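There are 2 protein chains.
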Amino acid sequence: MSALMERLDALARFSDEEGALTRLYLTPSHRAAAEAVRGWMEEAGMTAAIDAAGSVAGRWEGRVAGLPALLVGSHIDTVRDAGRYDGNFGVLAAIEAVRRLRAEGVGLPSAVEVLAFGDEEGARFPVTLTTSRAIAGTFDPATLAAVDPAGVSLREALAGFGADPQAIPALARRREAVLGYVELHIEQGPVLEAEGLPVGVVSAIAGAARYAITLHGHAGHAGTVPMALRRDALAAAAEMMLAIERIARAGGELVATVGQIEARPGAVNVIPGEVRFSLDLRSPSDAAREAARAAIAAEIGAIAARRAVHPAMERTYEAPAAVCSPALSGALEAAVARAGIRPRRLPSGAGHDGLAMVALCPIAMLFVRCKGGISHHPAESITAADAETAVAILGDFLRHWSPDEVSDAR
Amino acid sequence: MSALMERLDALARFSDEEGALTRLYLTPSHRAAAEAVRGWMEEAGMTAAIDAAGSVAGRWEGRVAGLPALLVGSHIDTVRDAGRYDGNFGVLAAIEAVRRLRAEGVGLPSAVEVLAFGDEEGARFPVTLTTSRAIAGTFDPATLAAVDPAGVSLREALAGFGADPQAIPALARRREAVLGYVELHIEQGPVLEAEGLPVGVVSAIAGAARYAITLHGHAGHAGTVPMALRRDALAAAAEMMLAIERIARAGGELVATVGQIEARPGAVNVIPGEVRFSLDLRSPSDAAREAARAAIAAEIGAIAARRAVHPAMERTYEAPAAVCSPALSGALEAAVARAGIRPRRLPSGAGHDGLAMVALCPIAMLFVRCKGGISHHPAESITAADAETAVAILGDFLRHWSPDEVSDAR
Numbered sequence: 001m002s003a004l005m006e007r008l009d010a011l012a013r014f015s016d017e018e019g020a021l022t023r024l025y026l027t028p029s030h031r032a033a034a035e036a037v038r039g040w041m042e043e044a045g046m047t048a049a050i051d052a053a054g055s056v057a058g059r060w061e062g063r064v065a066g067l068p069a070l071l072v073g074s075h076i077d078t079v080r081d082a083g084r085y086d087g088n089f090g091v092l093a094a095i096e097a098v099r100r101l102r103a104e105g106v107g108l109p110s111a112v113e114v115l116a117f118g119d120e121e122g123a124r125f126p127v128t129l130t131t132s133r134a135i136a137g138t139f140d141p142a143t144l145a146a147v148d149p150a151g152v153s154l155r156e157a158l159a160g161f162g163a164d165p166q167a168i169p170a171l172a173r174r175r176e177a178v179l180g181y182v183e184l185h186i187e188q189g190p191v192l193e194a195e196g197l198p199v200g201v202v203s204a205i206a207g208a209a210r211y212a213i214t215l216h217g218h219a220g221h222a223g224t225v226p227m228a229l230r231r232d233a234l235a236a237a238a239e240m241m242l243a244i245e246r247i248a249r250a251g252g253e254l255v256a257t258v259g260q261i262e263a264r265p266g267a268v269n270v271i272p273g274e275v276r277f278s279l280d281l282r283s284p285s286d287a288a289r290e291a292a293r294a295a296i297a298a299e300i301g302a303i304a305a306r307r308a309v310h311p312a313m314e315r316t317y318e319a320p321a322a323v324c325s326p327a328l329s330g331a332l333e334a335a336v337a338r339a340g341i342r343p344r345r346l347p348s349g350a351g352h353d354g355l356a357m358v359a360l361c362p363i364a365m366l367f368v369r370c371k372g373g374i375s376h377h378p379a380e381s382i383t384a385a386d387a388e389t390a391v392a393i394l395g396d397f398l399r400h401w402s403p404d405e406v407s408d409a410r
Numbered sequence: 411m412s413a414l415m416e417r418l419d420a421l422a423r424f425s426d427e428e429g430a431l432t433r434l435y436l437t438p439s440h441r442a443a444a445e446a447v448r449g450w451m452e453e454a455g456m457t458a459a460i461d462a463a464g465s466v467a468g469r470w471e472g473r474v475a476g477l478p479a480l481l482v483g484s485h486i487d488t489v490r491d492a493g494r495y496d497g498n499f500g501v502l503a504a505i506e507a508v509r510r511l512r513a514e515g516v517g518l519p520s521a522v523e524v525l526a527f528g529d530e531e532g533a534r535f536p537v538t539l540t541t542s543r544a545i546a547g548t549f550d551p552a553t554l555a556a557v558d559p560a561g562v563s564l565r566e567a568l569a570g571f572g573a574d575p576q577a578i579p580a581l582a583r584r585r586e587a588v589l590g591y592v593e594l595h596i597e598q599g600p601v602l603e604a605e606g607l608p609v610g611v612v613s614a615i616a617g618a619a620r621y622a623i624t625l626h627g628h629a630g631h632a633g634t635v636p637m638a639l640r641r642d643a644l645a646a647a648a649e650m651m652l653a654i655e656r657i658a659r660a661g662g663e664l665v666a667t668v669g670q671i672e673a674r675p676g677a678v679n680v681i682p683g684e685v686r687f688s689l690d691l692r693s694p695s696d697a698a699r700e701a702a703r704a705a706i707a708a709e710i711g712a713i714a715a716r717r718a719v720h721p722a723m724e725r726t727y728e729a730p731a732a733v734c735s736p737a738l739s740g741a742l743e744a745a746v747a748r749a750g751i752r753p754r755r756l757p758s759g760a761g762h763d764g765l766a767m768v769a770l771c772p773i774a775m776l777f778v779r780c781k782g783g784i785s786h787h788p789a790e791s792i793t794a795a796d797a798e799t800a801v802a803i804l805g806d807f808l809r810h811w812s813p814d815e816v817s818d819a820r
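Residue numbers (the numbering used here), protein chains in the order written: chain A, 1 to 410; chain B, 411 to 820.
There may be inaccurate statements among the hints.
Unchecked claim - A short, non-exhaustive set of chain A residues, derived as facing chain B with CB atoms under 7 Å: (1) Thr214; (2) Val255; (3) Ala263.
If you are wondering where the hints come from, they were derived from the structure by calculation, not from laboratory data.
Since this is a predicted model, take the numbers as computed values, not measurements.
Just so you know, even glycine gets a beta-carbon here, dropped at the ideal spot from N, CA and C.
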């Protein structure tokens with residue numbers, strides 16, 4: 001096993017729970033993991049500290065001190081009962097790439113700052129991306145009042161962690177001091193595995209919207225109401241779910257998911273009079289997502305009218321897409337090609353810290369193949385060979401890229 | 411308000427619950443209702459008693475004592491939070507019809523026995539039709555061990571009611587002493603209301619089967635798995651539900667209902683990996699029901715194969731149809747026609763005591779229009795005019811029918 005894989009295993013031992021990996025933002029296990037990451041950054045030759053929001057930031061100066069920095073990183077918080085690669089891999093891969101370049105005596109035309117964010121999963125508080133928003137300069141102090149399920153506020157949790165809520169606004173980077181943000185992350189999907197590729201370059205982090213759809217039909221006795229006299233809310237929902245699938249399949253990189261459904265009254269011998277179901281809609285193109293929403297809403301309306309059920313569609317969440325920088329992504333892709341791997345662009349359907357960082361600077365992401373597309377689960381897995389390939393590509397990218405190349409998104 | 415409607419209201423006051431009608435088999439409220447019914451039978455001139463299974467049986471002799479009897483009745487147990495007409499109407503209508511004939515001095519060529527069964531709804535024990543099976547001679551003593559949710563066995567409940575479990579087998583009527591079984595009941599469906607008819611004659615009590623269908627697909631992240639790589643168990647279920655509806659719509663009097671559905675893991679941002687749903691299938695023709703089951707199973711198999719999900723279909727319940735006697739139904743229909751009403755034959759999608767009685771004798775049922783097809787709910791409603799029409803038709807039927815007419819099913 002490689003040193004990087006061993007270090008990923010070591011990092012996975014910092015957990016709020018015995019026998020499972022659960023490392024929520026600002027918990028004691030998050031503090032312990034952050035201290036370990038800071039130590040590894042320092043071992044790699046960086047000047048490192050844990051900041052006022054709980055991020056670990058390690059800086060490696062370029063050929064001369066004080067140059068603008070390329071930010072490279074990911075997050076070290078996890079969901080409950082998590083896998084060990086989501087987030088953590090991107091942080092340790094960045095430290096390893098810097099360690100190697102420095103060991104080889106390479107000097108870069110920019111500084112490199114490695115970041116280990118702490119609030120990407122949003123698994124503790126009803127807010128998320130606190131740590132990356134702090135650096136991007138979009139932190140909202142009102143979120144300090146958010147409370148976790150135990151009633152602890154974000155403000156209290158920061159203080160308990162040893163961080164300083166008052167100092168968070170000062171973490172915002174000056175735009176002229178930052179060149180871009182690059183993140184390595186496991187794919188969390190099956191595309192690279194299906195195509196036999198170890199890595200892929202992200203085109204955009206998909207925008208997402210969620211909806212709650214409610215249908216009111218007419219409940220009735222399963223034996224006594226003839227088919228022609230029914231206003232079955234579940235049969236209507238079935239027709240709508242197929243329409244949603246059909247629209248999504250025609251929508252290129254768009255995905256649509258109905259993950260929750262409830263039929264009421266929910267008895268084996270009663271025609272459902274009411275159905276609620278969820279819709280999660282994502283696309284790297286906000287325009288494509290909006291077009292799909294409109295098409296779905298029209299289908300829901302038409303099906304409901306034909307079946308005499310009353311529909312309601314409520315948006316419960318929306319976040320726009322973050323498009324990756326063509327220049328920074330192109331430089332990453334060039335490094336992929338130099339490694340002898342066919343460059344593959346793919347969208348990220350999952351959210352990442354780049355959603356916050358895009359407000360500050362150009363962003364780019366390199367995805368690493370993961371087994372079965374599984375994430376947020378202890379079975380999450382990557383191979384040591386793919387991890388090594390990704391680290392080598394990141395190092396090669398850092399060695400070759402030029403700060404002038406990223407002007408497209410400034 | 412008519413005397414019959416007033417008596418239905420009075421009977422509805424016997425409830426296990428304050429403010430709602432809940433009268434489960436062998437409860438104190440069932441006992442009190444049975445005593446009241448026995449009193450009303452005696453007032454109407456019958457010799458009445460509560461039997462060893464909890465039925466109330468009142469006998470009105472024909473022109474000479476000891477003639478074979480036509481059985482007429484329904485049930486006085488209810489579901490929880492019930493309406494006041496389901497079952498109860500058929501019992502009180504029969505008593506009222508006998509009272510009127512006797513008051514008019516009519517003598518019949520057979521005895522009439524009015525029955526108030528006590529276990530039609532099956533709302534207390536996991537067995538049902540105990541009281542009518544006792545009379546039909548199909549009571550199974552093994553069911554005495556069945557327990558209600560409070561842990562009380564049927565045997566204990568019978569003893570507590572003042573009935574005698576040991577004497578139940580002796581309740582079985584000799585076939586030669588019985589001419590048939592006729593029941594008046596609310597339709598529990600919307601057909602008569604939709605056609606503007608106060609009553610209809612039942613062609614058969616539908617046979618029913620229930621199935622639990624389980625689909626295993628592949629759970630995945632709602633953002634990261636492209637539509638083409640999904641094995642979405644809920645999308646598969648949606649396609650199956652529409653196929654079920656299509657097959658049922660083509661199936662004449664067949665009805666198919668998916669009343670329960672559960673998607674797992676059931677998160678807004680996770681593709682469902684597993685879905686379970688119920689299927690309730692009913693038809694007055696067992697052959698038609700079996701053909702529909704086979705067509706549905708074939709569609710489920712084909713859809714599952716196309717979508718790479720694994721299907722399982724388990725039968726959880728089955729009861730064959732009980733076909734009504736053409737002769738007895740014809741005599742009922744003649745009475746309907748004499749009342750100036752267009753005779754309408756329709757199947758009963760709901761189960762009734764006739765499902766047990768058909769093992770003993772020819773059966774027939776007259777349905778009475780109910781508001782909105784609603785039953786098993788406090789909003790259950792019939793008009794006094796329809797109730798009067800039904801009682802008049804029952805009386806006219808009893809006055810005109812001949813015991814010789816029912817030979818078809820003996």
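Structure-based check of all given hints:
no.: 1; hint: Thr214; in the structure: violated (14 Å)
no.: 2; hint: Val255; in the structure: holds (6 Å)
no.: 3; hint: Ala263; in the structure: holds (5 Å)
Hint compliance for this structure: hint 1 is the single one not met.
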